[in-house]
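Enquirer: Produce the complete structure using the sequences and hints provided.
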Amino acid sequence: MGAQKKGATRFSEDPEELARVPLQAILLADSFTTKFRPITLDRPKVLLPLVNVPMINYTLAWLESAGVEEVIVFCCAHSKQVINYLESSEWFSHPNFSVMTIESHNSISAGDALRLIYERNVIQGDFVLISGDTVSNMSLTQVLKEHKERKKKDSNAIMTMIIKRSKSSSIIQQSRLGTDELFMAIDPNTKQLLYYEDKADHSKGAICLDKLLLTDNPSISLHNDKQDCYIDICSPEVLSLFTDNFDYQHLRRHFVKGLLVDDIMGYKVFTHEIHSNYAARIDNFRSYGSISKDIIQRWTYPFVPDVKFFGNSAIKLERQGMYRASDVVQSRSAEVGSFTVIGNGTRIGNNTKISNSVVGEGCTIGSNVSIEGSYIWDNVIIEDGCKLMHSIVCDGVVIKSGAVLDPGVVLSFKVIIGQQFVVPSYSKVSLFQQPTKQDSDEELEYADNSSGIVENSSMADTVDKSNGQLTSELLDEECGPTYELGTGGVGYIWSICEGSHEEEWRHSIAPIPADKLAEAMQTTDDDLELLTQDGSVLPPSGELKPDSNYSDDNEDPRDVSIYFEKEVEATFLRAVHENIKEDNVILEVNSLRLSYNKLFTDCAGAIFYSLMKLALETPHSSPSELCNSTMDVVTKWKKLLKSYLTDIDEQIEVIQKFEEICLESAKEFSPLFSKILFHLYDKDLIQEDAILKWDDEKKNADEADKVFVKQSEKFIQWLREAPEEDDEEEDEEE
Amino acid sequence: MVDLQGLVNELVSKLRRRKVEGSRATARLTAELLRSVISQSKLPATNQPAALIDAVRDVGGKLIAANPIELAVGNIVRRVLHIIREEDHSNARDAVEGFRLSVGGDNDYIVEQDHLNLSVAAQSSLCRPSLHSLLERSPNSATTYFTATSEDDSEEKRKSLDPIARSLEFRRKVISAVNDLIEDINTCHLVIAELAVEHIHPNEVILTFGHSRTVKEFLCAAREKKRSFGLFVAEGAPKYQGHLLAKELAARGLQTTVITDSAVFAMISRVNMVIVGVHAVMANGGVIGPVGLNMVALAAQKHAVPFVVVTGTHKLCPLYPNNPEVSLNEMRSPSEVLSFEEFSDCMDYRIGTGAPQLHVVNPAFDYVPPELVSLFITDIGGYYPSYMYRLIADYYSSDDVVIQQKPAS
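Protein sequences appear in the order of chains A and B.
Residues 1 to 734 (full-length UniProt numbering) are what the first sequence spells out, left to right.
Residues 1 to 409 (full-length UniProt numbering) are what the second sequence spells out, left to right.
Be careful, since some hints might not be right.
Unchecked claim - Think about it this way: if two alpha-carbon atoms lie no more than 16 Å apart in a straight line, the pair counts; the simulated EDC-like pairs of lysine to aspartate or glutamate are:
# : chain 1 : residue 1 : chain 2 : residue 2
1 : A       : K167      : B       : E341
2 : A       : K167      : B       : D345
3 : A       : K226      : A       : D180
4 : A       : K226      : B       : E341
Treat the hints as calculated values from the structure; they're not laboratory data.
Expert: Next up, the structure:
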């Protein structure tokens, strides 16, 4: 309650009083996800090196330079490691910048973390909410000012989200950081966030906006090119909201969406777009790769390797964006390409090629090794002739000679890859076995304590232990070749979880393979086609489709027509065989019409089709016999047909249907076309206007379509002359 | 009392994170920090100057390492070291003279071992006095010192005998010299500005580049003295600090024309003089300035337009540009050149080989060789580039050119 009270009293005080509150930040040193497994089984995500500097330092250095005075670091997974690291770092001894840690062991989400912080009562005013894996160089002054001013005017404006424009190709529905495509609706004037959807269902190819949004706001801009930086300026009310809504877990999925949907409290979320500055969060392996490259390309200046924003390592920027520490031992014949960082004390052998990669400290790289687009952490040994493509290699890994890492491989701590072994694409290798059962708290970053964590023991120890595990494993059950990493290899290849198998290439650091890209493009095209198709056959009338046993909302409309025709035919045949009265048949066909959402024209066509089919099925030996039987059928069911042929459109439909029958289903009718047409005219089923109109419509058609027009030319001619005669007669009478 | 280590760390972290930039600001902060180092560091009873030099060197090494591109930091560290040495020399000289006098006058005077060492050292270093001190002190030093010492013989003797008083006196002198240095840094642009009317003639057309406070004051001073002249300001992409300068000059009543950097060559034929401020002046007379400066200098040379550099002496760097210690340039964020938003699709690492297809280089500085510089206007007068080495000998001691840097742990 304390924070809330303070928040409430603050408004009555003058702005100078307000300015005295030190700017605080909550840094969540836990992502509450498992995306970096198996690496995060050993080490918390915030301590993983990003271009040779543990991630949390980027966040802390930015907070410090942005003028934040107090940082509350919330540690959960591997909390001891985080706290020990911070204690040994320079951050605790910094003047005008205090770092405080809060430790928790049972928080499983950001929501839990914020509830705990609320209980501790440490937040006094507006604060920056950020997770420990964010890289930024933006200035907070402007956004803080905006936030405060908004808050003064409207006490419900409790949060400002930082967003940044980032173009991405629409093919794979994914940002360049590997996160799902994000849809945002923003009021262009007030910058209020109105809609937030990061898990849009792409299979539908549509997103749904609440109609109320459109009535309440004069203008809305909808964006899909904005990147959420996961930097939020929050008022203290945010914390109490989390406590009030104990089911809020995820900051975006629950909290932001909850606020947007809930209009009872009327809390508002605003956005602030940054333009020249950089801000991004490492969410998955792909963003790890992308952000590393952004750092190497200096978008995050001054947080770049050669500026010593943290620590004491002296790295110099050389030509072509190559960063090299001062004491790298490099063979003359080795080629270190552009956009590469080589850490302290690393040795590189003959004829080795390294490009677009980061190599950590104290690594030993043998001869004839090729490394491309990979992230190699500290103290890794790579023997001669290895080939590494777009992979992440953690501390202490040994890759024996001739081994190959295919794109997207992740080798966790101290894994050993045997000689000549080829690690398949996207596989993750760890000393730990993959947890067999899905933990109930799968959002957690750390491993189950019971699953036998190998503590930081010596290499030999680890090898022994895991070898022991391996053999026992092998005896216990036939676990197949999962342990096999070549001769002398140590570690388990994690089988890719079911369900996410398809998605593996999306979040890996490797570039998307060409075939996947082509596939994605194909599906996009298909989606588009489907979309246009759907659009073109929408029922012209606005009436809703009534429920029906036979039809499904998503069914192809062509199928619906076929079903309808079959139904009508079945009804008609039943009527023929069971001698049902015509009125009843009309009633049944009408109900069918309603259930299939059809028009009278469709009914007329369908009934005519049934009639002709009936006639065709009556045994006949010659065309004239067929003609006769057709005439009989038509005469018999004249009333039924007549009831659907009230309008000229329906009559034209019947003629066209007849044409179709003659061309496609029953070729026997084609020579009889004009005869039957005359018969229909004779029986008053089709009026001369319809026939003339049909003739007119056909005038511009292809020659092939005109077959029947020509056949009935004489008849039409006669029809055309007849009324003229009538007219003349009338004239004469006058 | 303020924690000295804390102060040092604060400036180091400010320099590291690029929170203080610009040679003037960094020079002033460095000088102020070194002043507190001098006043607060605990010194042993004997060999004080050497201890003080070590202390300053130690702090200076850290500061230089924090942001090697700010050469002014190193300059100030060396200047302070030089001040300490000079004071030490003059002390020693006084002592030697006093010693000679006392030897002549008083036979029972007992020479301290330390004192003797000092005087021997002083005598050896006295062999090569700087031109500066020669000009300022030599003509009258003989007479003044002799008269002073002969007059206050007893006082001088007492002083030299009392180590505590002497150490206080020494420290006071060093601090007052450092204060003079800070004062110089703060006011050098005003001193330089006084020279403006001598260099800017009526109805001339001046071209300047980038934003320099010294240039601004220089031009305004000429304007205040009723000199009428035309002015072109090249905008100085990508930081566009020329826009800022033009705004400030216009506010102060100067008729200013802004041109793009690429229009410099086209405009140079109408220009009578190019006046620029720089980041640093190297020992060979070459200058390091904002990126694009070399192009302006080349254009000026092509059209035989004088290329004048206005600079305070704190920018004078005793290093040569080919020294590997000097990092001549800094690559800044590409966002100054182009917007990340517009080009983020070119930096999509998901497609193709995963290698960036677009690379933006944004260097902050340019090097202009001494052949292209016509004149330096400093707070101590106008000099040719070829004279820079002599100025450097005046302001820096050759022992300090290489500041010991502790290897990174």
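Enquirer: Decide, hint by hint, whether the structure agrees.
Expert: Hint check:
no.	hint	result
1	A/K167 - B/E341	holds (7 Å)
2	A/K167 - B/D345	holds (5 Å)
3	A/K226 - A/D180	holds (11 Å)
4	A/K226 - B/E341	holds (9 Å)
The structure fails none of the hints (numbered hints given earlier).
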